[in-house]
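So the sequence lines, in the order shown, correspond to chains A and B. Residue numbering for the first sequence follows the working numbering, beginning at 1 and increasing consecutively. Residue numbering for the second sequence follows the working numbering, beginning at 1 and increasing consecutively.
These are computed hints drawn from the structure, not numbers from a lab. Possibly wrong hints are sitting among the right ones.
Any copy, or any two copies together, can satisfy a pair, since identical chains are not distinguished.
[Said to hold, decoys possible] Here are the simulated PhoX-like cross-link-like pairs (lysine-lysine), alpha carbons at most 25 Å apart as the crow flies: (1) Lys-10 x Lys-81; (2) Lys-43 x Lys-456; (3) Lys-374 x Lys-186; (4) Lys-412 x Lys-81; (5) Lys-97 x Lys-130; (6) Lys-43 x Lys-326.
Keep in mind that this is a model prediction, so the values were computed, not measured.
Number of protein chains: 2
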Amino acid sequence: MKQDNNIPYKIYLEEQEMPREWYNVRADMKNKPAPLLNPGTLKPMTAEELAPVFCEELVTQELDNDNAYIPIPEEILDFYKMYRPSPLVRAYCLEEKLQTPAKIYYKFEGNNTSGSHKLNSAIAQAYYAKKQGLKGVTTETGAGQWGTALSMACSYFDLDCQVYMVKCSYEQKPFRREVMRTYGAKVTPSPSMNTEVGKKILAEHPGTSGSLGCAISEAVEQATTHEGYRYVLGSVLNQVLLHQSIIGLETKAALDKYNIKPDIIIGCAGGGSNLGGLISPFMGEKLRGEADYRFIAVEPASCPSLTRGKYAYDFCDTGMVCPLAKMYTLGSGFIPSANHAGGLRYHGMSSILSQLYADGLMEARSVEQTEVFKAAEEFARVEGILPAPESSHAIKAALDEAKKCKETGEEKTIVFGLTGTGYFDMYAYESFHDGKMVDYIPTDEDLAPGFAGLPKVE
Amino acid sequence: MKQDNNIPYKIYLEEQEMPREWYNVRADMKNKPAPLLNPGTLKPMTAEELAPVFCEELVTQELDNDNAYIPIPEEILDFYKMYRPSPLVRAYCLEEKLQTPAKIYYKFEGNNTSGSHKLNSAIAQAYYAKKQGLKGVTTETGAGQWGTALSMACSYFDLDCQVYMVKCSYEQKPFRREVMRTYGAKVTPSPSMNTEVGKKILAEHPGTSGSLGCAISEAVEQATTHEGYRYVLGSVLNQVLLHQSIIGLETKAALDKYNIKPDIIIGCAGGGSNLGGLISPFMGEKLRGEADYRFIAVEPASCPSLTRGKYAYDFCDTGMVCPLAKMYTLGSGFIPSANHAGGLRYHGMSSILSQLYADGLMEARSVEQTEVFKAAEEFARVEGILPAPESSHAIKAALDEAKKCKETGEEKTIVFGLTGTGYFDMYAYESFHDGKMVDYIPTDEDLAPGFAGLPKVE
Numbered sequence: 001m002k003q004d005n006n007i008p009y010k011i012y013l014e015e016q017e018m019p020r021e022w023y024n025v026r027a028d029m030k031n032k033p034a035p036l037l038n039p040g041t042l043k044p045m046t047a048e049e050l051a052p053v054f055c056e057e058l059v060t061q062e063l064d065n066d067n068a069y070i071p072i073p074e075e076i077l078d079f080y081k082m083y084r085p086s087p088l089v090r091a092y093c094l095e096e097k098l099q100t101p102a103k104i105y106y107k108f109e110g111n112n113t114s115g116s117h118k119l120n121s122a123i124a125q126a127y128y129a130k131k132q133g134l135k136g137v138t139t140e141t142g143a144g145q146w147g148t149a150l151s152m153a154c155s156y157f158d159l160d161c162q163v164y165m166v167k168c169s170y171e172q173k174p175f176r177r178e179v180m181r182t183y184g185a186k187v188t189p190s191p192s193m194n195t196e197v198g199k200k201i202l203a204e205h206p207g208t209s210g211s212l213g214c215a216i217s218e219a220v221e222q223a224t225t226h227e228g229y230r231y232v233l234g235s236v237l238n239q240v241l242l243h244q245s246i247i248g249l250e251t252k253a254a255l256d257k258y259n260i261k262p263d264i265i266i267g268c269a270g271g272g273s274n275l276g277g278l279i280s281p282f283m284g285e286k287l288r289g290e291a292d293y294r295f296i297a298v299e300p301a302s303c304p305s306l307t308r309g310k311y312a313y314d315f316c317d318t319g320m321v322c323p324l325a326k327m328y329t330l331g332s333g334f335i336p337s338a339n340h341a342g343g344l345r346y347h348g349m350s351s352i353l354s355q356l357y358a359d360g361l362m363e364a365r366s367v368e369q370t371e372v373f374k375a376a377e378e379f380a381r382v383e384g385i386l387p388a389p390e391s392s393h394a395i396k397a398a399l400d401e402a403k404k405c406k407e408t409g410e411e412k413t414i415v416f417g418l419t420g421t422g423y424f425d426m427y428a429y430e431s432f433h434d435g436k437m438v439d440y441i442p443t444d445e446d447l448a449p450g451f452a453g454l455p456k457v458e
Numbered sequence: 001m002k003q004d005n006n007i008p009y010k011i012y013l014e015e016q017e018m019p020r021e022w023y024n025v026r027a028d029m030k031n032k033p034a035p036l037l038n039p040g041t042l043k044p045m046t047a048e049e050l051a052p053v054f055c056e057e058l059v060t061q062e063l064d065n066d067n068a069y070i071p072i073p074e075e076i077l078d079f080y081k082m083y084r085p086s087p088l089v090r091a092y093c094l095e096e097k098l099q100t101p102a103k104i105y106y107k108f109e110g111n112n113t114s115g116s117h118k119l120n121s122a123i124a125q126a127y128y129a130k131k132q133g134l135k136g137v138t139t140e141t142g143a144g145q146w147g148t149a150l151s152m153a154c155s156y157f158d159l160d161c162q163v164y165m166v167k168c169s170y171e172q173k174p175f176r177r178e179v180m181r182t183y184g185a186k187v188t189p190s191p192s193m194n195t196e197v198g199k200k201i202l203a204e205h206p207g208t209s210g211s212l213g214c215a216i217s218e219a220v221e222q223a224t225t226h227e228g229y230r231y232v233l234g235s236v237l238n239q240v241l242l243h244q245s246i247i248g249l250e251t252k253a254a255l256d257k258y259n260i261k262p263d264i265i266i267g268c269a270g271g272g273s274n275l276g277g278l279i280s281p282f283m284g285e286k287l288r289g290e291a292d293y294r295f296i297a298v299e300p301a302s303c304p305s306l307t308r309g310k311y312a313y314d315f316c317d318t319g320m321v322c323p324l325a326k327m328y329t330l331g332s333g334f335i336p337s338a339n340h341a342g343g344l345r346y347h348g349m350s351s352i353l354s355q356l357y358a359d360g361l362m363e364a365r366s367v368e369q370t371e372v373f374k375a376a377e378e379f380a381r382v383e384g385i386l387p388a389p390e391s392s393h394a395i396k397a398a399l400d401e402a403k404k405c406k407e408t409g410e411e412k413t414i415v416f417g418l419t420g421t422g423y424f425d426m427y428a429y430e431s432f433h434d435g436k437m438v439d440y441i442p443t444d445e446d447l448a449p450g451f452a453g454l455p456k457v458e
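The task is simple: from the sequences and hints, build the whole structure.
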């Protein structure tokens, strides 16, 4: 294979080249993301109001719109060294297969047991919980990616980890549950008899298989009613995007080593944690007028918050117990079709990314899932890695851009985020292989009830 | 975390530091491994006799006891660059947890979609098949690790890949089957109606759930009765150990970079491909009198070929269609207890390793599986990686050696092979978590029938 100017297949940073600070893109945004609102008073949430739910330092990070760089504590750097830096891979084999003049890179976050980038924030949140002297944390998980990451992080810091896992996933997808148990987490199928909200739902719907909204409500109740516990969340929040900036910082450092300037940066978008983390330092340059890049958020056609949502204040959870956030949203009552495989099923989008999108600093597109799985398989067969369905949204867009370059002859440099592996998504691959996977694009009528349920906030 | 002389958590080789030749330990062995015998004539198999089953260049490699270094073809080096070098990890967190003065390193081969070191030989075997102008290859697989590796390799070289998967695994463990299908392999539950041997077995045992022995027989028949096909095997053979020497060569190069001399090198042992590959270059130094190391093979107590087997000629397969190999064996009729989780269930051991063990150049020990899973969990919780059950045999021995160092105060350097990840072994972890895992040590009476079935060869 011809290699380009001795650029290796995989660019790894040396330990001493690894970032030692997270980058907070809010500091460089002229239009700051809208603040979280107290759903009762409709006034911005204060640190005091957030403290019963989140750890102190995470509250500080959540509200910090000013400091561009936040030092990463040594203990977190140590943990990062176990699985980071993640490789920035030059997709030589894919380029050759496509016969494209484009140069394609991907930042691969799947080489850790949680199988995704989620661990980057899980370890930070666990660290601050430990530092505050807490006993443990609670969270919810659907298929279990975030729960796995958090259980690994808690195990490392010897923190109790209580995960409410949507009952149907708990029963039908036992593998991630067992991974969590390996790391010592207590995994409870939700709804459960542990909480008042769980008991209430079980009384009303005895046969329910649960929902993410219900699991969130149970996790929040568990945290706020037990001494020494806080609730943690794996995406959407400003603090999470801050931690995930490690992805973009490493990517930029690796590209800078070889004097590579990307033209297009692509990421899949659910709540926004990976995309926000990947693009942050590049967006910072764009905001400061130092460089220009195209950023493309790729979301499922079945859950199109950026491309078809409204930019409005909404509840972060279906149970409506959390603060209001201003974001592109389909309404907190929106639930993607049961046919939708994998994650990227959140009704809203990170406030930071929503503001950047509203300001025209980022593009968005939606793609249908059979096309996504086609792209995933094409990628797997030449690059080896079996991608997660979520990550494959970015692959689909990267392939499309690379094929455009083939038509135009442009030698564009494309970077995309490969957030994780698909080892626990083989049922979805099976349905794709068997020709049983279907696409679903909600009609305007399908979306109307979600929009109608938006809270009235001026 | 205190780091030792600036030795990083993970030592990666630069692309230009990667080995460009495999090392053939047979060249340095005074007592060569015993040759394969034709089961009919009891004479050494010739290249001509092996050619209908294996690719030409692989036959040459199989029979080559003389050349110490075999250049790795460029096409294979390109593929290696996609997932290699694998990291040599300094287990700082584990050392701290154990409070041991020992320095522990592990060579982690799990960072690729096949989830293990098997890919190192799969890509080589696929390459030589392609080079010979073949249409495809056939093989058998149990749980699917080897089949996955081979399907990835065949996909890369656009070769047809036909995998006979033991029927009960095909039905009960659909995930690896779907991974193989993602890479375009044809996966057939065995026994099948594709082959004469399959039809015969199905006629005799209509409800059978299959066995590895039967799958081997079907794969061999499929290869030898179809123009342009050969059969490939993932362990045991000399050629496989040759390809797997990449593990040891990278390990040695990484250690040499930091002037580290290991005292003890540990690997799990089933057919011997990982252990043989890991120790090869170090064993070469020992054979040439340039250095001394302790080598420890770790095998399951339920399938103890080295520690309790006989050193004798035996069939390589339960169907008795393959050549005879001299090895430590429990008899080709031996099948480990159904309770035994994961791989390392082969009745014999690589002829190379068997000869080295017979010559006193290597130690062996057996461990029980509940202890293995305890070690796996202890390791996962501090080092993050969720290990495969097979790899965890080496972890168990490494932990034991590190604990000994704590008692004696010796600062030994321990290197072990972490062959893969356990993502597809969560049923075994579940049985461990639920306290349902049991140990099984065969009695002498249990082993007697296997020994009685050994062929009579002088």
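Hints versus structure:
Within a single copy, Lys-10 and Lys-81 get their C-alpha atoms as close as 17 Å, and across copies as close as 8 Å, so both meet the 25 Å cut-off. In the homo-oligomer, the alpha carbons of Lys-43 and Lys-456 lie at most 25 Å apart inside one protomer (13 Å), although the nearest pairing across protomers, at 88 Å, exceeds that limit. Taking identical chains as interchangeable, the C-alpha atoms of Lys-374 and Lys-186 lie at most 25 Å apart only when they sit on different chains, with a minimum of 18 Å there against 37 Å within one chain. When the C-alpha separation of Lys-412 and Lys-81 is checked against a cutoff of 25 Å, the pair qualifies only between copies, where the shortest distance is 23 Å, while the shortest distance within a copy is 32 Å.
With identical chains, the CA atoms of Lys-97 and Lys-130 are at most 25 Å apart between copies only, with a shortest distance of 18 Å across copies and 48 Å within one. Taking the shortest alpha-carbon separations for Lys-43 and Lys-326, only the intra-copy value of 13 Å comes in at or below 25 Å, while the best inter-copy value is 80 Å.
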